[in-house]
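Asker: The listed protein sequences correspond, in order, to chains A and B.
Heads up, the first sequence is in the working numbering, so the first residue is 1 and it goes up one at a time.
Heads up, the second sequence is in the working numbering, so the first residue is 1001 and it goes up one at a time.
To be clear, the hints were calculated from the coordinates, so they are not data collected in a lab.
Please note: incorrect hints may appear among the correct ones.
[Unchecked claim] Below, computed lysine-lysine pairings styled on PhoX-like, alpha-carbon distance capped at 20 angstroms:
#	chain 1	residue 1	chain 2	residue 2
1	B	K1070	B	K1005
2	A	K161	A	K144
3	B	K1027	A	K133
4	B	K1053	B	K1070
5	B	K1151	B	K1049
6	B	K1049	B	K1070
7	B	K1049	A	K141
8	B	K1151	A	K144
9	A	K133	B	K1049
10	A	K133	B	K1151
Each chain, written out:
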Amino acid sequence: MKDIKALLEKYYNGETSLEEERRIQNHFAQHPGEAGPDAQLFQAIDAAQSGRNPARHARRRFRPLRYLAIGGPALAAGMALWFMLRQADPSPQATRPAAVPPAQQTISAAILVRPELSGEIQDEQQALEQARKALAYVSSKLNKGVNGIGRFSKLEQSISKIQTKEKS
Amino acid sequence: MKQIKIILLILLLLPVLASAQESPAQKWLHSFEGRSGITTVSITSAMFKLLSKISSSDPEYQDIVRFAAKLQDFKIVLIDSDDPKKAPAKAEFNRLLSSAPLSQFEELMSIRESDNHIVFRVMQRNNHIQELIMTISGDDQAIIFIKGDFKLNELTQISDDMNITGMDKIKKLKK
């Protein structure tokens, strides 16, 4: 290794012989895991001499640190977004046990307090109960629409933040 | 002098007469009443006045009573999808739905939910909703109409946490 360092210094000073340059080149060819500008330079020379595209050659190499550096923040941003959306929409219906699954619930069961209810409600208690249930139904659908719009705008904001970070 | 008195009386009664007059949407909803296979339920302005006087120790009922005080009319029109005999009623419902007087309404939002298309339309004045029509069409058919003077966020704050199953909760109420 010390020998290679000395040879590299000699190489950059323009004092190496062809044999010494071949030794440096062979060293980097035998140690493809080595990173740094020296390794990149000699790998590119090696690729050019053997007729390969150095850029493509470099792309094929597995660089775990680089993948971690790029993928890590993106993964963290994704997890943060997922957590944020879960916090914003606690989904009370999911936590509350429903008597009838929504898919099986008829529209009258979802809106009316009694399936046989019809006409003008004369009883105060029944009117209050019915108003409460139907208003809650309308409110839940409105909230569903509003949450949908909210989620979309949050997603757009997060995407734009990630894009800005990637650009910088 | 007598003529002036009559004019004054008319002027005094004008707001009362105007409020008693039904809107085009209310008149349209009457056309669903008495049709075979179509269920209509309504709560009148007089009933909402009575409801607003109810007092309850339950804070969730206090919220709904407070909101009820802002309402003048509430109508529900629906057909259950599980009954195959109701196909003619569905056709009739759709025919009447297409004649809705919605020129003064603006679409608030529309939601696609499984096989249903839900549309909210509102008529508002100074950010206060005067009339709201929610229509559900597709697998299910329903219309919910609310007339009053309220803000949209007051409606969205109403939750269904109480999960009403019967009259037991309402017995706690005192007039």
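Asker: Hinted pair, alpha-carbon criterion (20 angstroms max): A/K133, B/K1151. Please report holds or violated.
Answerer: With a Cα-Cα distance of about 19 angstroms, the restraint between A/K133 and B/K1151 holds, given a limit of 20 angstroms.
Asker: Straight-line Cα separation of B/K1053 and B/K1070 no greater than 20 angstroms?
Answerer: holds (12 angstroms)
Asker: So if I understand the rule, the pair passes when the alpha-carbon distance is 20 angstroms or less; does B/K1070 with B/K1005 pass?
Answerer: Since the Cα atoms of B/K1070 and B/K1005 sit roughly 33 angstroms apart, the hinted pair is violated (cutoff 20 angstroms).
Asker: Can the restraint linking B/K1049 and A/K141 be considered satisfied, given a maximum Cα separation of 20 angstroms?
Answerer: Violated. B/K1049 to A/K141 sits at ~26 angstroms, over the 20 angstroms cutoff.
Asker: Take a quick look at whether B/K1049 and B/K1070 sit within 20 angstroms of each other, Cα to Cα.
Answerer: Holds. B/K1049 to B/K1070 sits at ~9 angstroms (cutoff 20 angstroms).
Asker: Run the distance test for A/K133 versus B/K1049: straight-line Cα separation, threshold 20 angstroms.
Answerer: With a Cα-Cα distance of about 18 angstroms, the restraint between A/K133 and B/K1049 holds, given a limit of 20 angstroms.
Asker: Please work out if B/K1151 and B/K1049 have their alpha carbons no farther apart than 20 angstroms.
Answerer: Holds - the C-alpha atoms of B/K1049 and B/K1151 are around 19 angstroms apart, at most 20 angstroms.
Asker: Please work out if A/K161 and A/K144 have their alpha carbons no farther apart than 20 angstroms.
Answerer: Violated: A/K161 and A/K144 sit about 26 angstroms apart, past 20 angstroms.
Asker: Holds or violated: are the alpha carbons of B/K1151 and A/K144 at most 20 angstroms from each other?
Answerer: holds (17 angstroms)
Asker: Does A/K133 sit within 20 angstroms of B/K1027, going by the straight-line distance between their CA atoms?
Answerer: violated (24 angstroms)
Of the hints listed earlier, those the structure fails to meet are numbers 1, 2, 3, 7, in rising order.
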